[in-house]
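Please take these sequences and the hints and turn them into a complete structure.
Now for the letters of each chain:
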Amino acid sequence: MASNSSSDRQRIAQQRLRIIAGHLRAPVDSDSTILAAECKAQGSKTDVSSERKTVPRRRQEILKWNGWGYSDTRFLFNKKGQAEFTGKRYRLSGMIIPALQNWFEGTFGASVQHKSPAMPILTSSAVQPPTLNEAFVDELKSTGIPCSHDAEDRVFRGHGHCLHEVFALREGKVGRVPDIVVWPNCHNDVVKIVELACKHNVCLIPYGGGTSVSSALECPPEETRCIVSLDTSQMNRILWIDEKNLTAHVEAGIVGQELERLLNESGYCTGHEPDSMEFSSLGGWVATRASGMKKNIYGNIEDLVVHVKMVTPQGVIEKGCQCPRMSTGPDIHHFIMGSEGTLGVVTEVTMKIRPMPEYQKYGSVVFPNFEQGVACLREVAKQRCAPASIRLMDNEQFKFGHALKPQVSSIFTSFLDGLKKFYITKFKGFDPDRLCVATLLFEGDREKVLQHEKQVYDIAAKFGGLAAGEDNGQRGYMLTFVIAYLRDLGMDYYVIGESFETSVPWDRVLDICRNVKARIIQECKDKGVQFSPLSTCRVTQTYDAGACVYFYFAFNYRGLSDPVHVYEQVEHAAREEILANGGSLSHHHGVGKLRKEWMRETISDVGMGMLKSVKNYVDPKNIFGNRNLI
Amino acid sequence: SSDLGHALRTYSPSPYEGAPSCSTADLNKAVLESQYLRYVTKEVGSSHWDEDVRQEVCRILEEMSQNLQLGSIRLMAYTLTKVLKRLFTGIFVNMEGLNMLQQAIQESPVILMPNHRSYVDFLVISYILFTYDIPLPVIAAGIPLAGMKMVGEILRRSGAFFIRRAIGSDKLYWAVLSEYVKTIVRKGCAPLEFYVEGLRSRTLKSLMPKLGMMHMVLEPYFKGEVYDITLVPISISYDRVLEESLLAHELLGIPKPKESTTGLLKATKVLQEDYGNMHVNFGRPMSVRRLCQGKINRCQYNLIPRDLPQKPSAETQACVSGLANLMVRIQEEGSLISPWSLMACLLLQAPTTVLTQEGLLWHQLTEKTLWLRKLALDFGAHLNWPGQVPDLDVMSSTVTLHRSVVHLKAGRVYLVREEEPVRKHPISPELDVIRTAAAVLMLASYRNQSLHVFVRPCHAHFPIYELFAFFWFLRDIFSNEFIFIPGKSSQDFEEACFLLNKCGAVDISEQEVIVSDARLEVLSFLQALLQPFIHSYQVMFRYLCEDGGNVFTEKQVLPAVRNRATKLILSGELHTYEALSSDTQKNGLSALQRLKTVTKSEQNEYRVNKAAVRRIDDILCESAYFKYS
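From first to last, the protein sequence lines are chains A and B. With full-length UniProt numbering, you'll find the first sequence wraps up at 630, consecutive numbering, no jumps. With full-length UniProt numbering, you'll find the second sequence wraps up at 629, consecutive numbering, no jumps.
I should point out that these hints are in silico values taken from the structure, not numbers from a laboratory. Be aware that one or more of the hints could be misleading.
[To be verified] With a straight-line cut-off of 20 Å between C-alpha atoms, the simulated EDC-like cross-links for lysine to aspartate or glutamate are:
1) B:Lys295 - A:Glu601
2) A:Lys462 - B:Asp26
3) B:Lys586 - B:Glu250
4) A:Lys527 - B:Asp228
5) B:Lys368 - B:Glu358
6) B:Lys187 - A:Asp507
7) B:Lys29 - A:Glu371
8) B:Lys187 - A:Glu371
9) B:Lys223 - A:Glu601
10) B:Lys149 - B:Glu63
11) A:Lys525 - B:Glu107
12) B:Lys223 - A:Glu498
13) B:Lys29 - A:Asp507
14) B:Lys210 - A:Glu498
15) A:Lys525 - A:Glu498
16) B:Lys223 - A:Glu576
17) B:Lys295 - A:Glu576
18) B:Lys42 - B:Glu56
19) A:Lys525 - B:Asp26
Structural data, given as structure tokens:
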């Protein structure tokens, strides 16, 4: 019932938004079904909707320079030692999280007394002066496309969010960063930039949301040419919506949350919700083969894309029609998707859209152990009745999620919680150190959702699962949005960590989870980590033939002289373990430079040759020189 | 009463974490329903999983499966306490090994790998684990034990599961067994105990490991079904082995009595005697994951369903064989060497007629034994030589313990031969040879307990210009006789040189191995130690190239070689009675097979390449009669 009324509220809010937007927007009508937006040359007019822009050119205005997310939002332990989440942006914002400190200290052997604070500000002297290609800069300036070689701007685009990248920033260390940042405003701007880059032989590195976790944004240290970061963030308009075919044509720099918000205003959504959707961009999704939480309904990026336009050194590549499927040789979209910025810049994408779902409902199921949980997910996949999202967290992650429970306001709620706990552990005999929880998200029209819900819960019951309420479910999903903020908190107290993912056939899911977690623990021990690490996983997506598994791994690095190196060795070992257990090199994070060494065994020599020959044809001078993938 | 107390003690072991205890029924059900068995059934011909096959599988499982129950364990504990107390002066266990085991069992599935020298081995590990609150193992046993009335069932309830001998080409049986073993390892429901040597060593010498069981046990690790497996080599050493005389007779071709309950009851007369001490040494638990690092590419299973029956890759086979041999080597290293074994080495180097007729001077033997003790210690042996007692007392009490083999009279030591039954006629010379041989083989088996200490240096007692070639040749010839880890010949060689150098027998300079004159003693001892084997093989080889036809069967060849050896002994041309041992003969035959000079056909017929055998014999001859200048 609660969700129902909240969705009503949402609808009203959207209506209001639409009206406000109508006021703000230029006379281009908001009612017409097809919105047209022309490419405006920069500087000619201020973009009317600039206030609404999620990501400004100067990212430092709202985002942290050495950590995750918004500057106003962070976890901290207050004077009483209680954890707090600052800001106003999230459900958890402004709340006290009483159990976090205990969990944190208990899990990592860390203490809120022992701080390892970051450098507060970036000293520009730490940044090498830019290597500028004067001829290129002059011609670029003559086009009027905005650019900058300000140190902060450059540093912002020289990294993603791998642990070693953030760790270095917190210590104020900056390696090779781009020499200039350029902000094209539309497809044609990109064409001009790429032409100039080819003409003057400078290196281009496309930059979308900056959320890479594969070292994809790192500038190759061996690159001697001027490196230009091509920031697509200002190309963020929905160019048109086609309601007859349910597609939208969107500029590739738009970030996930804005795309959804804008579509919602028209009553639509893409349904593509990767965990990074607040900051990651459409172009980035295409370039890395992204996957969204609700892929069971909407599909992954490869299912969502109808048409892509990419600017390469050889010119623009795109299909000649907007057709749902073609038999015209290998699909050229599959050269573009996953190319990780090595072939060109994705500028515009036509995506499938869907009417916004009428009804959403979270849910959760507790299982006596992980084995039962996996068996249930497998059965759900077999019957092809997976809800929009279904995830199975292991025991450690369940406890982690639990530690994030905000302070409960009423005695009644805490009494109910106690009762629930009693019922599950004492009455049903679940071992609190073995039980695990599946979180669910249902979407669709109300009746079907309820029917679907019953079907899933019935299957769960066969595997000893007990329904455990909407709250547990919702908190599970919240964890994925705040996890990166939590990592920053950990780093304030000598704890470093990372997540990584894989996909694996069903019969190996349990084995890979067990072995990789055990390998992490063993490697930490062997490498001299003093405290047992957090090593946890969840089965986060289901497919017909297998599942996607997500690992979190963090440890207390006190006493280690080179914690990042230790961390990297452990992560490397974990990846080897994944591959040895029949897992993939990556399900959706991509390869970047971090996982390049395993590409050959992943796709075979011939496969490598194919990719290389495409690269050689499309970009013989290696203009797109980020050296990812191959 | 305290024995009863022990049997009824509170037993609360901490098992492998995360392993739910699984009942016999659960285990059998898991095997029955396994995908692997389905695939195999299709392979063996049934187009579908029909009721017949299912019933056949159930029958096999019923015959095989263990039924571990605490009650029986208590009964077993009570009986064993009684029996062991009577047989042995003491049972010694290394506590640090037990502590490491206790720890290991909580971390991953554990495989207990004892050596097998006596029937007593069978439950002693369970008995010790029960005593120290460690989860009880399930134990692989030969099917004949299951056939014993009552006892079979008691063993079953003590955790034994039974395996048929000679499974041969029975694919279904093989599949059920392997799935059964793998399920135990995967689920980690109990430690698994098996004899990697496959059977009880008749010679008290380590046997070439059998690889079938080893493959089954390790596969869950290769396929990623468990994170790791822990192997625990266990060395059981006896001062005196219950079956000493039975074994010697078996080696001479007199069949062992069938395992039966009545047989067991009859054997109770052996309970009247003293067997000294028993030492159980639990080796350091070894992680299969670490042992296999860089040797196994686990990705090899990524492209095919893991349940699909597959022949193991060459890489896997090499790795499994290496591990199995390593385990046997560690068993050897962990075993305790008794003063008696050293004395046996020396006694056997005296001419047999001296032992049977004039007797060996006691003081000569004791002096030489003390010398050998030092050499053994130099070679890194674990000796069980009581420190608080004068050396002479140790040796004389040893001889007393082994009065079935030797006796000391008027300062001389004599070999004890079986008492002659009262007869009208004097016994034939051939029978007399057998009598002596039985005693010699008993002595030889005690020598064999310490052979592994000397065997590597034994192979390297040659001058430098031929040293490595000889070493390599002998290692190759004798690799069925002694345990060498495959592919490690250069390490073995280095170890041999190191030890010889250490004891001062040779000086190894940059390029030369120089024999120091003063240390000829060591070298001749080593040479003499190996000589019975060389001579025995030669009898075998010469028979093959001179007397036999080109094609023969094992049943033909063994008695023929034995006859030839008997004749040679009687004529004084052959000095070692060990040539009569069927074990040595079989090993010689296998060596020829491995060297491809003898080939075995599918009808179990051997075909021999006489010229090649002759060549091998020539080199062997050269090495046997090499004289130091």
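Distance restraint between lysine 525 (chain A) and aspartate 26 (chain B), which requires alpha-carbon spacing of 20 Å or less: violated, 35 Å
Next pair to validate is lysine 210 (chain B) with glutamate 498 (chain A); report whether the Cα-Cα distance is within 20 Å. violated, 46 Å
Holds or violated: lysine 527 (chain A) to aspartate 228 (chain B), with C-alpha atoms at most 20 Å apart: holds, 19 Å
Given the hint that lysine 187 (chain B) pairs with glutamate 371 (chain A), does the C-alpha gap stay at or below 20 Å? Holds, at roughly 12 Å.
Does the alpha-carbon distance linking lysine 462 (chain A) and aspartate 26 (chain B) stay inside the 20 Å limit? holds, 19 Å
Between lysine 29 (chain B) and aspartate 507 (chain A), is the straight-line Cα distance small enough, at 20 Å or below? The given pair, whose Cα atoms are some 19 Å apart, holds under the 20 Å limit.
For lysine 29 (chain B) and glutamate 371 (chain A), compute the direct alpha-carbon distance and say whether it is at most 20 Å. With Cα atoms ~18 Å apart, lysine 29 (chain B) and glutamate 371 (chain A) stay inside 20 Å; holds.
Below or equal to 20 Å on CA atoms is what counts here, so check lysine 525 (chain A) against glutamate 498 (chain A). The given pair, whose Cα atoms are some 18 Å apart, holds under the 20 Å limit.
Straight-line Cα separation of lysine 368 (chain B) and glutamate 358 (chain B) no greater than 20 Å? holds, 19 Å
Hey, lysine 525 (chain A) versus glutamate 107 (chain B), does the alpha-carbon distance stay inside 20 Å? Holds - the C-alpha atoms of glutamate 107 (chain B) and lysine 525 (chain A) are around 14 Å apart, at most 20 Å.
Hinted pair, alpha-carbon criterion (20 Å max): lysine 187 (chain B), aspartate 507 (chain A). Please report holds or violated. OK: lysine 187 (chain B) and aspartate 507 (chain A) at ~16 Å, within 20 Å.
Please work out if lysine 295 (chain B) and glutamate 601 (chain A) have their alpha carbons no farther apart than 20 Å. holds, 18 Å
Against the hints set out earlier in the document, violations occur for numbers 12, 14, 19.
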